[in-house]
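Visitor: Residue strings, one per chain:
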Amino acid sequence: MAFRPGRYFVQDGARRLPVVVVVATGLTDGEAERIAREFEYAQMMTGSFRPLFVIDSADFAPFRSRGYVVERVMRAHELAVASPGDSYGEYLFSRLRSIASDYGAASIVPLPEGSAATLRGSTARLVGALAPA
Amino acid sequence: MTNADVVEYDMLMVSDLRLSGGTTASMAEEIRAHAAAGYRTALLHVNSSLTSKTLGVSAHLSALVDDGLATLVLPGDRVHARHAIVRHPVVAQDMTERPATVTVDGVSLIANHPVYDGAGARQYDPVLATEKLAGSFGQDPLWRPIGPVVRRQLADQGGVALAGDDWRNLVDVSRWSTERLGGPRAVPVLGRHSRPHWTKWPDSAADILAAYPDSDRVRVRVLGGADPVRAVLGRVPGRWLVEPFGARHPAHFLSDVDFFVYYHHPGWVEAFGRNILEALASGAVAVLPEHFRESYGDAAVYATPAQVGAVVARLAADREAYVTQSKLGSEFVASRYGYDVHVDRVAALIGPPSADGRPRASQAAEAAQPGRGTTADPGCRPNRGSRPERASRPERARVLFVSSNGTGMGHLTRLLAMANRATERIEPFFFSMSSAVPVVAQYGYNWEYCPSRDDLDVDAKEWNPFFARRFADVVRRYRPRALVFDGTWPYRGLGEAKEQFPDLLYVWSRRAMWKKGHRTDPLEKSAWFDLVIEPGEFAAEADEGPTTRRTDAHKVAPITLLDRDDVLDREAARAELGMAPDERAVLVTLGGGNANDLGPDLEAIVDAVGRRPGWHVYATRPPIARAVTSAAGVRTISMYPLCRTLAAFDAAIVACGYNAYHESILAGVPTVFVPKAKVTDDQQARARYADQAGVGIGVEEVTAASIGQALDRLLEPESAERIRRRCLRLYPGNGAAEAMALVEQVLAEKGVIV
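Line by line, the protein sequences give chains Y and H. Here my numbering is used: the first residue of the first sequence is -3, the next is one more, and so on. Here my numbering is used: the first residue of the second sequence is 291, the next is one more, and so on.
For the record, the hints were derived by calculation from the structure and aren't laboratory data. Among these hints, one or two may not hold up.
Result set (SDA-like, lysine to any residue): computed pairs, CA atoms no more than 25 Å apart in a straight line [to be verified]:
| hint | chain 1 | residue 1 | chain 2 | residue 2 |
| --- | --- | --- | --- | --- |
| 1 | H | 968 | Y | 63 |
| 2 | H | 788 | Y | 98 |
| 3 | H | 751 | Y | 110 |
| 4 | H | 751 | Y | 25 |
| 5 | H | 845 | H | 1032 |
| 6 | H | 815 | H | 834 |
| 7 | H | 343 | Y | 10 |
| 8 | H | 343 | H | 452 |
| 9 | H | 968 | H | 1032 |
| 10 | H | 751 | Y | 8 |
| 11 | H | 968 | Y | 61 |
In silico contact screen, one side only, chain Y against chain H (beta carbon under 7 Å); selected entries [to be verified]:
| hint | residue |
| --- | --- |
| 12 | -3 |
| 13 | 5 |
| 14 | 52 |
| 15 | 65 |
| 16 | 68 |
| 17 | 83 |
| 18 | 86 |
| 19 | 96 |
| 20 | 102 |
| 21 | 124 |
Just so you know, even glycine gets a beta-carbon here, dropped at the ideal spot from N, CA and C.
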């Protein structure tokens, strides 16, 4: 899908960059801004991918303000009420699978909870090591 | 290996864990039964010849592993179990490697597959399977057939130790059952679910079409694909509704089926038919070939394919007979195939759950913790990592409130206004393309978000199928009984979903005030909807758009989130916002949109207000904003809903979106109405009408001069008071409750709620 690549990428071809799905669930206050910033840095440094963020909070703004697409999954306790008995692991897996398929993801990067605090641009930049499509 | 290195389990379940059908479905039920009783389970995978595909562990089992009800044994793990249950003789036969680090005290081999198929071809060698298991675990297995067909074949074969009783597969009826007291649907639904394999279907066109007619008199639904039918007929009948294998949980599927009709290839010998068991548990009436009578007795109805039509017609015409047969089936399953049967036989094998120092209900207790998928319902048993719990399905009817995105929050707010006025019979659930949808959580509603076409910045050709897939997924997962869509243009995916979910009721909240000359083709989509509601417009007299010529909608008063009584007075509102009691303040709210659109307008307004000494400018930052719009000297506040604290302000400058327009008049705040250019919304007409009606001042465009002149008119003391009084007198009230009552009336008429 030729969805928006980010606010600084307006050139031809930017919408054909490989899609990296960053799974950033379990973020606490302020971490979304940090994650968005680091991946924007990585994208600018490499010019080689389009990030798509999957979060479980309502903090869309840090990603949308940068021109990124954000998808949202329920948290475990929310799913327990919305769909009792449904396995949260299975739900998350199923949603990620659909997201990866819908957007044509080249890779999925799950960020462990708590990693936002230590994620540095040089690490995030590694997702840009994808070969051009 | 030392004892300290070995992890102890009660049961080791061995099979080809990749298999997607009844084998792993049955294992999953047994694992859940173990967990509920306190037995610990390990899973051991064997690569068998039953599938050559590169696959992961079956979804039946992976969910249980994720949720801690079973542990996957990896090569090298040191494990001891008190008993091994090996499922499928072919798996046993294919065990080429001895699991050196796994030991067990006893072995059972569940013979869930016949030795010979319908043509007499041998499927496996029981003696060889026994030898392989004995070599792997150091124990001769006891063979446990799952039914009389397999037992007979094994007995005739000889050479293996046979258990005295059959090993019955399990079904938890409470998780599968659907209430059937109303009898079948007016158009009976015939359904079947199975793996997409040619052995699972008849091999003759006549039998297929006799058992599953391509007719308007019945509705045929298939879960598991229909490629084998295509191979026989050259096509899949157009009236059938076919869902691929795994599209949804069979329990969900069966709740939409009145008659479970199952006919298979004559060369296939069905060892037991787990799908039949599941159908009986769901309460669907099973119509089967005669050879299943030995296994199911009176629980099902038996017929040839050619007789299926007559059986269905007879029971569809006799509700009492249908209900009686349905109960026979479900009670049969409950009495013979429930979890207690399995727990008893496990206890007979190994005694009570072992004690190893860990809390005995460890898996069950862990599974029951918040976040493991249990509900707040204290009666809910520990999560079994399966698909949605039928027994704990809310008694309320779930209604999906679907909002398009828009650049403001009008669509979402109208739906929220309706949801807040639903009776206890309704459970609202939001599915929205608006990034502001998280606000509904403040009111206790669950929500899912789908990026809009604008969010993705793609064309309709890419977005439409994307939305269709997402919408169908939401409906399958959350199973609403109705949807209420608020948007100008019903998406194509909504229409496509009608075929997949024919029982889902459709309601359209279709706002009026379209621009004159607007294209009318969206209005043709009214045909999709069981009910069209038109939220009222204060400026309805000025409406020149195409909706004025429609007679298909129920019209209600303007819909706002709050009623007039919910609006705080000036003093209370100022206290809530932290404003000084005597400051002079004007509120600017220009709707959603991005900073590039709103910045120049805000600057012009600030310039105009700035020429009035002593005035403070407040600007709202809507939840939907992509970025912060700010200007020097402006205090940014977040207000939702807007009108609750509007009375705090001496004046307001408001864009004429549906929400802000109506809330300003509702609250009686002297307002300058600023129309924004929109594709559909005739904001110019709203602004002009407000001016003509004396409830505010309308401007045509935003400049410092026009705003300054408008404020001059607005803030004359007599003018402001006159506007307040006219707002209070002319505003027609809130149509939200009436709109929601109309929705519930339709649901009641359709029998969804009482």
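Visitor: So, for every hint listed, does it hold in this structure?
Guide: Checked hints:
Between residue 968 (chain H) and residue 63 (chain Y) the CA atoms are separated by roughly 22 Å; this keeps the pair inside 25 Å, and the hint holds. Of the pairs offered as hints, the one joining residue 788 (chain H) and residue 98 (chain Y) holds, with about 22 Å between alpha carbons and a cut-off of 25 Å not exceeded. Restraint check for residue 751 (chain H) and residue 110 (chain Y): the C-alpha separation of about 39 Å exceeds 25 Å, so the hint is violated. For the given pair, residue 751 (chain H) sits about 37 Å from residue 25 (chain Y) by alpha-carbon distance, which is inconsistent with the 25 Å threshold.
A threshold of 25 Å between alpha carbons decides the hint, and for residue 845 (chain H) with residue 1032 (chain H) the separation of about 10 Å falls inside it, so the pair holds. The suggested pairing of residue 815 (chain H) with residue 834 (chain H) holds, with an alpha-carbon distance near 20 Å, which does not exceed 25 Å. At roughly 36 Å between alpha-carbon atoms, residue 343 (chain H) and residue 10 (chain Y) are farther apart than 25 Å, so this suggested pair is violated. For a cut-off of 25 Å, the pair hint linking residue 343 (chain H) to residue 452 (chain H) is broken: about 32 Å separates their Cα positions.
Distance check on the hinted pair: residue 968 (chain H) and residue 1032 (chain H) sit about 30 Å apart at the alpha-carbon level, beyond 25 Å; violated. At most 25 Å may separate the alpha-carbon atoms for a hinted pair to count; residue 751 (chain H) and residue 8 (chain Y) meet this at roughly 20 Å. Proposed proximity of residue 968 (chain H) and residue 61 (chain Y) is supported: the alpha carbons are some 22 Å apart, at most 25 Å. The interface hint given for residue -3 (chain Y) holds, since its Cβ lies 5 Å from the closest Cβ of chain H, which is under the 7 Å cut-off.
With its C-beta approaching chain H no nearer than about 12 Å, residue 5 (chain Y) sits outside the 7 Å limit, and its interface hint is violated. Proximity of residue 52 (chain Y) to chain H is violated relative to the hint, the smallest CB-CB distance being about 11 Å (cut-off 7 Å). A hinted interface residue such as residue 65 (chain Y) counts as satisfied when its beta carbon comes closer than 7 Å to some beta carbon of chain H; here the least separation is about 6 Å, so the hint holds. For the restraint placing residue 68 (chain Y) at the interface with chain H, the shortest Cβ-Cβ distance is roughly 5 Å, inside the 7 Å limit, so the hint holds.
Given hint, residue 83 (chain Y) at the interface with chain H, holds; its Cβ is 4 Å from that chain's nearest Cβ, closer than 7 Å. Restraint check, residue 86 (chain Y) versus chain H: the minimum CB separation of about 4 Å is within 7 Å; hint holds. Residue-level restraint check for residue 96 (chain Y) is violated (minimum Cβ-Cβ distance to chain H is 13 Å; threshold 7 Å). Annotation: interface hint on residue 102 (chain Y) violated; nearest CB of chain H at approximately 17 Å, more than 7 Å.
Contact between residue 124 (chain Y) and chain H, as hinted, is not supported at the beta carbon level, the nearest pair being about 21 Å apart and thus beyond 7 Å.
This entry does not satisfy hints 3, 4, 7, 8, 9, 13, 14, 19, 20 and 21, going by the numbered hints stated previously.
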